[in-house]
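**Student:** If you want the building blocks of each chain, they are given just below.
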Amino acid sequence: MVNKKIIKVLMFIVFLFVLLIGHLTYFIVFKKDEVSQNSHNKRLWAYEEDIVRGEIADRNGIVLAFSKEGERIYNYNSLYCHVIGYNSKIYGKTNIESKFNSLLLGRGGLTEVFNLSGDGKVGYDLTLTIDHRLQHYAYGRLGNANGSIVAINPQTGEVLALVSKPDFDPSNAVLIKKWTELTENSNSPLLARATSGLYPPGSTFKIITSAAAIEKGMDNDMYSDTGSVIIGNTAFYNYGKKANGEIDFKKAFALSSNFAFCSMGAALTSPTLRDMAQRFGFDKTFDFDIDFSKSAFAAKDTDEAGSAALAIGQGETLATPLQMALTACAVANDGVIMKPYIVQKATNKNGNLVYEKKPQQLYKPITSEVSEKIKDLMVETVKTGTGKNAGIRNISVAGKTGTAENELLGKENNKEHAWFVGFAPADDSQIVVAVMLEYSGGSGGELCAPIARDIINTYLKK
Amino acid sequence: MKKGQIDFQFLIIVMALLAFGLIMVFSASSESARYNFSNAYFFIQKQIIWAAISIVAMVMLANFDYHRFGKLAFPILLASIIMLVMVIFIGEDIKGGKRWLNLGFASFQPSEVAKIAIIIFFSCSLSKNPGILNKFWRGLVPYLAIIGVFAGLLMCEPHFSGTVVLAGIGLVILFVAGAKGSHLFMLGSPAVVAGWYLIISEEYRWKRITAFLDPFKDKLGDGWQIIQSLYAIGSGGIFGLGLGRSRQKFLYIPEPHNDFIFSILCEELGFIGAMLTILLFAALIWRGIKIAMNAPDTFGSLMAVGITALIAIEVIINIAVVTSSMPVTGMPLPFFSYGGTSLLIIMCCMGIMLNISRHSKS
Chain B
14 MVNKKIIKVL MFIVFLFVLL IGHLTYFIVF KKDEVSQNSH NKRLWAYEED
64 IVRGEIADRN GIVLAFSKEG ERIYNYNSLY CHVIGYNSKI YGKTNIESKF
114 NSLLLGRGGL TEVFNLSGDG KVGYDLTLTI DHRLQHYAYG RLGNANGSIV
164 AINPQTGEVL ALVSKPDFDP SNAVLIKKWT ELTENSNSPL LARATSGLYP
214 PGSTFKIITS AAAIEKGMDN DMYSDTGSVI IGNTAFYNYG KKANGEIDFK
264 KAFALSSNFA FCSMGAALTS PTLRDMAQRF GFDKTFDFDI DFSKSAFAAK
314 DTDEAGSAAL AIGQGETLAT PLQMALTACA VANDGVIMKP YIVQKATNKN
364 GNLVYEKKPQ QLYKPITSEV SEKIKDLMVE TVKTGTGKNA GIRNISVAGK
414 TGTAENELLG KENNKEHAWF VGFAPADDSQ IVVAVMLEYS GGSGGELCAP
464 IARDIINTYL KK
Chain S
90 MKKGQIDFQF LIIVMALLAF GLIMVFSASS ESARYNFSNA YFFIQKQIIW
140 AAISIVAMVM LANFDYHRFG KLAFPILLAS IIMLVMVIFI GEDIKGGKRW
190 LNLGFASFQP SEVAKIAIII FFSCSLSKNP GILNKFWRGL VPYLAIIGVF
240 AGLLMCEPHF SGTVVLAGIG LVILFVAGAK GSHLFMLGSP AVVAGWYLII
290 SEEYRWKRIT AFLDPFKDKL GDGWQIIQSL YAIGSGGIFG LGLGRSRQKF
340 LYIPEPHNDF IFSILCEELG FIGAMLTILL FAALIWRGIK IAMNAPDTFG
390 SLMAVGITAL IAIEVIINIA VVTSSMPVTG MPLPFFSYGG TSLLIIMCCM
440 GIMLNISRHS KS
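Chain order of the listed sequences is B and S.
Here the first sequence stands for residues 14 to 475, where the numbers follow our numbering.
Here the second sequence stands for residues 90 to 451, where the numbers follow our numbering.
Please keep in mind that the hints were generated in silico from the structure rather than gathered at the bench.
Just to be clear, a hint being listed does not mean it is correct.
[Unchecked claim] With a straight-line cut-off of 25 angstroms between C-alpha atoms, the simulated DMTMM-like cross-links for lysine to aspartate or glutamate are:
(1) B/18 - S/386
(2) B/263 - B/459
(3) B/102 - S/386
(4) B/45 - S/386
(5) B/254 - B/228
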């Protein structure tokens, strides 16, 4: 009698033990990785305390960030806050400091976190593709305006400069002091405009519209531009309502005629435009060395008027300056977008290579024939059109301006975003530049084109 | 009565657990000891001294005829009630609970003594009155009332997990001694309701429930301990990082050598080490049940069941908490968690078990 009941107690205990073992097994098999790689897992920090975090240098070996006595020191204060990011015990890690944490700590990858073998107490040094001289120049050229500059070598995808403003000092001491201010500031200094800012691309989108139009054989059409056009029930105006008269496709592009491109857009329809935008990378993402936002083409198909708006980069479409730079890259590089990258290599203290990025194709949205045709349009734009301010003597510059209406349209304080994307030299492009000034209230041609010109000039006359 | 052989298998398992526990206490506490006392051996030195005292106590009790507890049952019960009352007034307040009595040279938890008191008293009293539990009012209810008194005193500290263990072993002994399942169920339901009320009436207990359901919701607050524990277990993986290589003990949690020591074990020795530990406990419980079944009389049988249930409940609750199988509650892992007096009491129980095994029928 007693023994029977003891057996029942034993059975119950065994039952509970089995549940425990089951749960522990389940955790180890299915949940372990998810949990232990959580960024709040302080093990990564404990590991870091034993290690001198690697240095980060520009492409010419100029040291941008290094560690001394446990402190992360950024030699150029806020200049690289949106590229290298910060490395704070309290606020975490961002950008390169986050994505390349393993290498900076001298490990191959996350799986080796706890195999403390390797080169001991020193992390790996990173070499960026960034040209510090250009970055510094671009930073100064942007001044106090909110906006961004992206410069990429279209032949390789190397990011040469990446500036976003407003910015902040990423050093830990400053973060601790100013964190609340940084997070609550209505200017959002923590937002990296160049890679995560989403804006209507305005007329720079006409590069993509042109690609679709050329593929449809519409590049021989002529337009009698009266300065405004009514499509569906919506009126579209040229910038400043300027009438351009009798123009061909090239002139329409160079003068950024909304009359012509709205008509084109209505004829092309939104699915065609979307298809082309996606070929250039809209609605897609890829692995990049820092976090970035996915640019988005309007999700829903729309009527003629809606398609007309999309063709001139208005409507529901949103793009990052990075995306628009990549768009220009396709034109500059025979229709191929090389995968952009910022970290070219990592070396250990003995100088041995432990990581290297090789140029790699990302997308090929258009054929080289189409890209040549668009290149002509963009060269014309800088030569005679809205992009004249980007012109440089003896260098053939190609470009496209944009002046994008935004959510402030129709309001008292309406101020457009100004855009310019371009590249040079047109026949053998070394550099693609995208300049964007948010809520600038001026046109891309007058505000952004001169900045792009100076950047191209600075880079090519090294 | 003629003395037979002690259960050597049981003894070997106990000594293995004790040794293993000491190793883990050292591994888990060294960093915390270094940090707080500039001496990595601070905790392990104390624990080794207590382990030595505990072994002596176990040997003594292994040679102390358990039948003689019959006469001591009531005095022990009374003494334990007095201590529980005392602790409410002069107890040391550690982290929101007055659970400790300071003896000058050492502190101990009267709740630990209460568990033994219940085991001895219930076993003695029930073995003297066979069949009494068939009666509801004059049989079962008085015993439940004793559990109720202890539970009430423990909740004054307050000590929720202690209450659960004490009620658990009380009910197991009553069940084995013949209480009807239906009676226990009938009376168990209101107890569950009362327990639930106690949980929702205290904000910290309720937060532990919500933290259990989604620990990552409040990473830095109520979910902290359990998340740290899961990180440790996850980091350990199948084979662990190796003894002494836990990261958890580097002050991620305040006292790595206490209730959450099993997470350190998982991190250092991995899934394999955790399974080995659980199996070692399972073996101890198995031998304990054998001793209970082979005991010469009901008294020995009930005591052995009570002690086995005590170990089982504590192990299950502790491991369940550490692996996030149930909400957090402060429960030490027998043999492993740091704490001299609790180790002493466990080892005393093991001594009693060994003595019962000496009188085995077979």
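**Student:** None of the hints should be skipped; say for each whether it holds.
**Tutor:** Evaluated hints:
1. Between residue 18 of chain B and residue 386 of chain S, the direct Cα distance comes to roughly 15 angstroms. Compliance with the 25 angstroms bound is thereby established for this hinted pair.
2. Taken as a hint, the residue 263 of chain B and residue 459 of chain B pair is honoured in the structure, with Cα atoms around 21 angstroms apart against an allowance of 25 angstroms.
3. For the given pair, residue 102 of chain B sits about 63 angstroms from residue 386 of chain S by alpha-carbon distance, which is inconsistent with the 25 angstroms threshold.
4. For a cut-off of 25 angstroms, the pair hint linking residue 45 of chain B to residue 386 of chain S is broken: about 48 angstroms separates their Cα positions.
5. At roughly 29 angstroms between alpha-carbon atoms, residue 254 of chain B and residue 228 of chain B are farther apart than 25 angstroms, so this suggested pair is violated.
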